[in-house]
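*Asks:* Start from chain A and add chain B according to the hints.
First to last, the sequence lines map onto chains A and B. Note that the first sequence covers residues 24 to 468 in our numbering. Note that the second sequence covers residues 24 to 468 in our numbering.
Simulated from the structure, these hints should not be mistaken for laboratory data. Treat the hints with care, as some may be off.
To be verified - Below, in silico cross-link-like pairs of lysine-lysine (DSS-like), each with a Cα-Cα straight-line distance of 25 Å or less:
(1) 131/B - 296/A
(2) 297/B - 131/A
(3) 315/A - 395/B
(4) 172/B - 315/A
(5) 296/B - 131/A
(6) 438/B - 296/A
To be verified - Have a look at the derived ranges for each label pair, beta carbon to beta carbon:
(7) 395/A - 317/B: 23 to 29 Å
(8) 372/A - 210/B: 35 to 41 Å
(9) 82/B - 46/A: 54 to 60 Å
(10) 317/B - 459/A: 39 to 45 Å
(11) 442/B - 108/A: 43 to 49 Å
(12) 234/B - 372/A: 47 to 53 Å
(13) 239/A - 104/B: 54 to 60 Å
(14) 330/B - 165/A: 46 to 52 Å
(15) 459/A - 343/B: 52 to 58 Å
As the list claims (entries may be wrong) - Sample of chain A residues facing chain B (criterion: CB under 10 Å; computed from the structure):
(16) 217
(17) 223
(18) 288
Don't be surprised by glycine CBs; every beta carbon is placed ideally from N, CA and C.
Chain by chain, the residues:
There are 2 protein chains.
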Amino acid sequence: MKNILLIGAGLSSSTLIKYLLDNAKDNKWQLIVGDQSFELAQKKIEKHPFGRAIKFDAFNIEQREKEIKNADIVISMLPARLHYLIAEVCLQYNKNMVTASYVSDQIKEMDADLKAKKLLFLNEIGVDPGIDHMSAMKIIDDINNKGGKIEVFESNTGGLVAPEFDNNPWNYKFTWNPRNVVIAGQSGARFLDRAQIKYIPYNQLFRRTELLPVLDYGEFESIPNRDSLQYIDVYGLDNINTMYRGTFRRPGFASGWHVLIQLGLTDDSFKIKKSEELTYRNFINAFLPYGKDRTVEEKTCDYLNIGIGSETMQKLRWLGIFENKQIGLKNASPAQILQKLLEEKWRLSDEDLDMIVMQHQFIYTLKNKRRKIISSMIVKGDNQIHTAMSKTVGLPLAIAVKYILNGVITKIGVKLPVCKNIYQPILAELENYGIAFTEEEFELD
Amino acid sequence: MKNILLIGAGLSSSTLIKYLLDNAKDNKWQLIVGDQSFELAQKKIEKHPFGRAIKFDAFNIEQREKEIKNADIVISMLPARLHYLIAEVCLQYNKNMVTASYVSDQIKEMDADLKAKKLLFLNEIGVDPGIDHMSAMKIIDDINNKGGKIEVFESNTGGLVAPEFDNNPWNYKFTWNPRNVVIAGQSGARFLDRAQIKYIPYNQLFRRTELLPVLDYGEFESIPNRDSLQYIDVYGLDNINTMYRGTFRRPGFASGWHVLIQLGLTDDSFKIKKSEELTYRNFINAFLPYGKDRTVEEKTCDYLNIGIGSETMQKLRWLGIFENKQIGLKNASPAQILQKLLEEKWRLSDEDLDMIVMQHQFIYTLKNKRRKIISSMIVKGDNQIHTAMSKTVGLPLAIAVKYILNGVITKIGVKLPVCKNIYQPILAELENYGIAFTEEEFELD
Numbered sequence: 024m025k026n027i028l029l030i031g032a033g034l035s036s037s038t039l040i041k042y043l044l045d046n047a048k049d050n051k052w053q054l055i056v057g058d059q060s061f062e063l064a065q066k067k068i069e070k071h072p073f074g075r076a077i078k079f080d081a082f083n084i085e086q087r088e089k090e091i092k093n094a095d096i097v098i099s100m101l102p103a104r105l106h107y108l109i110a111e112v113c114l115q116y117n118k119n120m121v122t123a124s125y126v127s128d129q130i131k132e133m134d135a136d137l138k139a140k141k142l143l144f145l146n147e148i149g150v151d152p153g154i155d156h157m158s159a160m161k162i163i164d165d166i167n168n169k170g171g172k173i174e175v176f177e178s179n180t181g182g183l184v185a186p187e188f189d190n191n192p193w194n195y196k197f198t199w200n201p202r203n204v205v206i207a208g209q210s211g212a213r214f215l216d217r218a219q220i221k222y223i224p225y226n227q228l229f230r231r232t233e234l235l236p237v238l239d240y241g242e243f244e245s246i247p248n249r250d251s252l253q254y255i256d257v258y259g260l261d262n263i264n265t266m267y268r269g270t271f272r273r274p275g276f277a278s279g280w281h282v283l284i285q286l287g288l289t290d291d292s293f294k295i296k297k298s299e300e301l302t303y304r305n306f307i308n309a310f311l312p313y314g315k316d317r318t319v320e321e322k323t324c325d326y327l328n329i330g331i332g333s334e335t336m337q338k339l340r341w342l343g344i345f346e347n348k349q350i351g352l353k354n355a356s357p358a359q360i361l362q363k364l365l366e367e368k369w370r371l372s373d374e375d376l377d378m379i380v381m382q383h384q385f386i387y388t389l390k391n392k393r394r395k396i397i398s399s400m401i402v403k404g405d406n407q408i409h410t411a412m413s414k415t416v417g418l419p420l421a422i423a424v425k426y427i428l429n430g431v432i433t434k435i436g437v438k439l440p441v442c443k444n445i446y447q448p449i450l451a452e453l454e455n456y457g458i459a460f461t462e463e464e465f466e467l468d
Numbered sequence: 024m025k026n027i028l029l030i031g032a033g034l035s036s037s038t039l040i041k042y043l044l045d046n047a048k049d050n051k052w053q054l055i056v057g058d059q060s061f062e063l064a065q066k067k068i069e070k071h072p073f074g075r076a077i078k079f080d081a082f083n084i085e086q087r088e089k090e091i092k093n094a095d096i097v098i099s100m101l102p103a104r105l106h107y108l109i110a111e112v113c114l115q116y117n118k119n120m121v122t123a124s125y126v127s128d129q130i131k132e133m134d135a136d137l138k139a140k141k142l143l144f145l146n147e148i149g150v151d152p153g154i155d156h157m158s159a160m161k162i163i164d165d166i167n168n169k170g171g172k173i174e175v176f177e178s179n180t181g182g183l184v185a186p187e188f189d190n191n192p193w194n195y196k197f198t199w200n201p202r203n204v205v206i207a208g209q210s211g212a213r214f215l216d217r218a219q220i221k222y223i224p225y226n227q228l229f230r231r232t233e234l235l236p237v238l239d240y241g242e243f244e245s246i247p248n249r250d251s252l253q254y255i256d257v258y259g260l261d262n263i264n265t266m267y268r269g270t271f272r273r274p275g276f277a278s279g280w281h282v283l284i285q286l287g288l289t290d291d292s293f294k295i296k297k298s299e300e301l302t303y304r305n306f307i308n309a310f311l312p313y314g315k316d317r318t319v320e321e322k323t324c325d326y327l328n329i330g331i332g333s334e335t336m337q338k339l340r341w342l343g344i345f346e347n348k349q350i351g352l353k354n355a356s357p358a359q360i361l362q363k364l365l366e367e368k369w370r371l372s373d374e375d376l377d378m379i380v381m382q383h384q385f386i387y388t389l390k391n392k393r394r395k396i397i398s399s400m401i402v403k404g405d406n407q408i409h410t411a412m413s414k415t416v417g418l419p420l421a422i423a424v425k426y427i428l429n430g431v432i433t434k435i436g437v438k439l440p441v442c443k444n445i446y447q448p449i450l451a452e453l454e455n456y457g458i459a460f461t462e463e464e465f466e467l468d
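Okay, chain A solo, but in the shape it has when bound (with noise of 0.2 Å):
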């Protein structure tokens, strides 16, 4: 039998776990699911013969130690800034490792010493970062190995409603972490624009969007996501012009969310004192200047220059902003109130159905004719416990510990799954739960 420790058992992991349960058995393995809450790891192991629920405290040393110690792989679903403390007992204790999360570089400067160990961290394995590098990089070796030239890779990821049950002015809902939608882009970000680097602060990411079609579902806006410039090495693109990945949203949802960059309602550096007693209208009113006779709708219109009866008016009605509802929140950063008053708005109801949508784009040479390949990936939930994002997520990760445990992947050291030994074996297996790519390829004049 071999030990699986999988650290993390929130809405992310239903997927994950149900693959490691359903394929115990057959490959002799034991699954230990820790979980702050006992009830979730429970509740997700429904008593199954092969799966096993712990409390789990990740800031516990001797747990960690303990749990670490008796596994034989390890996979962390802690929030991206926690690895660490995972990441460093594995090394003590000779464990390889997996997260979905951008690899951080606490981890990366472990590389040498996993090395010496012959250890494997494998990073960014789940959707976004995780199939894009996997579905990007077999089309870049297949266009190396040709010998063709690229000069341009655009790669699109979102997580949004699935179409049918798309029904409100911003045509999203929160699929995953809301907290990490609203504080999403602070950092700005950067890419390489027609051989130009481009750098875009926060109070502009939200303007510098693109339309891209994919496939018959429609139009779907690009904002930049991060920073691309480090993936031009990662993806060995060193002659390439174009090097931009973004985020995906349905068209107009930027410029609404601009606004509210504008003003200042994603702002988590400070806390509002007596937050709970505000109203939702006295909190926008907070942000905007004094204006005798004037109404909180007038003075938001005037002040970022939106017409009354725009669509990014009829979006911020919608959410409620204006409203003389009591927040009821303490002691809260403009952040946490805006995140408060999405949840309500942006949740899923029990019937809805989420997706993920992926595109990469390419254009490259061969024989002197310059051709372009657009690839997409469309994936639906199957219901409202392996939604989309828990799919594309978790069965990554899942098959990545597969092959690590039984030996086809080999690699060594601070991974992301951009070699072919890592993401052939994955990507194959993939396209069995339906998470496949549709490539189009033209000719270009």
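*Replies:* Chain B alone, transformed into the frame defined by chain A:
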């Protein structure tokens, strides 16, 4: 003999050191000036018989302990975040301490321990914060003593170039630490405006200005400064409707600076690779969208909706931000690159004198009459050493030290100069140095 230990011999310490040396003999003081540069400390002492220069390393705990143990009082002119290093040792060895910086939460927490040992840590006793607190509290106490009810308090201070030497389109030159000017305001601002709390994020800060005339010096533009709300308690103004502190610049400065913030040029959170090889034109272009066949100037205007011949564009052109001149600064953040450019353009030349402008406005009601007091101070530099900044920062500090040592100031704990025991003797003596307010009083409708 009493030993005064002054840590930090930079620009703002010149007048402070002169005062302490000029008054050393009469008061039986020995002044020890410590700086990381021994030469700088020595130069400021000028072989004065009551002065002694030492090389001082604030990060060397042994040296901190040795020097502070021998002192009767300590003045820290270190960067604000380092005061704590000095404060800890002062508490340990029972020494009073004085700084010109905003008091930090770390220092505030030492209040009970200081009181138990009957020690005083006097903070915010420079110009702004410092003279502003003292001169405002004098008027507030006067109004309260007469039985008046204060409704509005607005206070502004600016460090500027004197009008005779004001010859650039920004009407601004650096008269203190350029880095602090470049990154000013990044935490936004908060104040009370006609009974409504207002929060302004950084991205809107330099739009939210108002114009105020000061004596016969023309108009100044007020930019909201940090957290004014905390001074409602500090000044004891529980029933106030408007509590506002701002920074003065000349009109038009803020709209120019707002453009630099919108572009992202004040961002200090990341480094630009190979920044030394770029020109300023490359630099600004990196923050603008791609645009075929459009100049950097055209893109700037379109992007930020400003006219090509506008005053803001004239300001930007004058800075040289569109020039093909190499930056020559390695691995620098946008804010560092902008600072380098500004240091060339906004340098005080050898003949230039600086100026401090301060103004308080009060509206209060006394015997059913509403009244307005405008209290204004203009201080100009004597020369390039005893600048207005050096005088207005250094003299209140120096005078405070005198009155603490001779027992006139008797307060203990962590204090700001808002009580009569502290501000009265200091304001009285400042008048001898031409640091005085002109008070105008008006009856309102």
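*Asks:* If a hint holds in the structure, say so; if it does not, say that too.
*Replies:* Taking the hints in turn, this is what the structure says about them:
1. 131/B - 296/A: Holds - the C-alpha atoms of residue 296/A and residue 131/B are around 20 Å apart, at most 25 Å.
2. 297/B - 131/A: holds (22 Å)
3. 315/A - 395/B: holds (21 Å)
4. 172/B - 315/A: Given that 25 Å is the threshold and the Cα spacing comes to 23 Å, the pair holds.
5. 296/B - 131/A: holds (20 Å)
6. 438/B - 296/A: holds (24 Å)
7. 395/A - 317/B: 23 to 29 Å: holds (25 Å)
8. 372/A - 210/B: 35 to 41 Å: Holds, since residue 372/A and residue 210/B (Cβ atoms, about 39 Å apart) stay within the stated range.
9. 82/B - 46/A: 54 to 60 Å: holds (56 Å)
10. 317/B - 459/A: 39 to 45 Å: holds (41 Å)
11. 442/B - 108/A: 43 to 49 Å: holds (48 Å)
12. 234/B - 372/A: 47 to 53 Å: Cβ of residue 234/B to Cβ of residue 372/A: about 52 Å, so the range 47 to 53 Å holds.
13. 239/A - 104/B: 54 to 60 Å: holds (57 Å)
14. 330/B - 165/A: 46 to 52 Å: holds (50 Å)
15. 459/A - 343/B: 52 to 58 Å: With Cβ atoms ~54 Å apart, the hint holds.
16. 217: holds (6 Å)
17. 223: holds (7 Å)
18. 288: Check passed: Cβ of residue 288/A comes within 9 Å of chain B, closer than 10 Å.
Of the hints listed earlier, there is not a single one the structure fails to meet.
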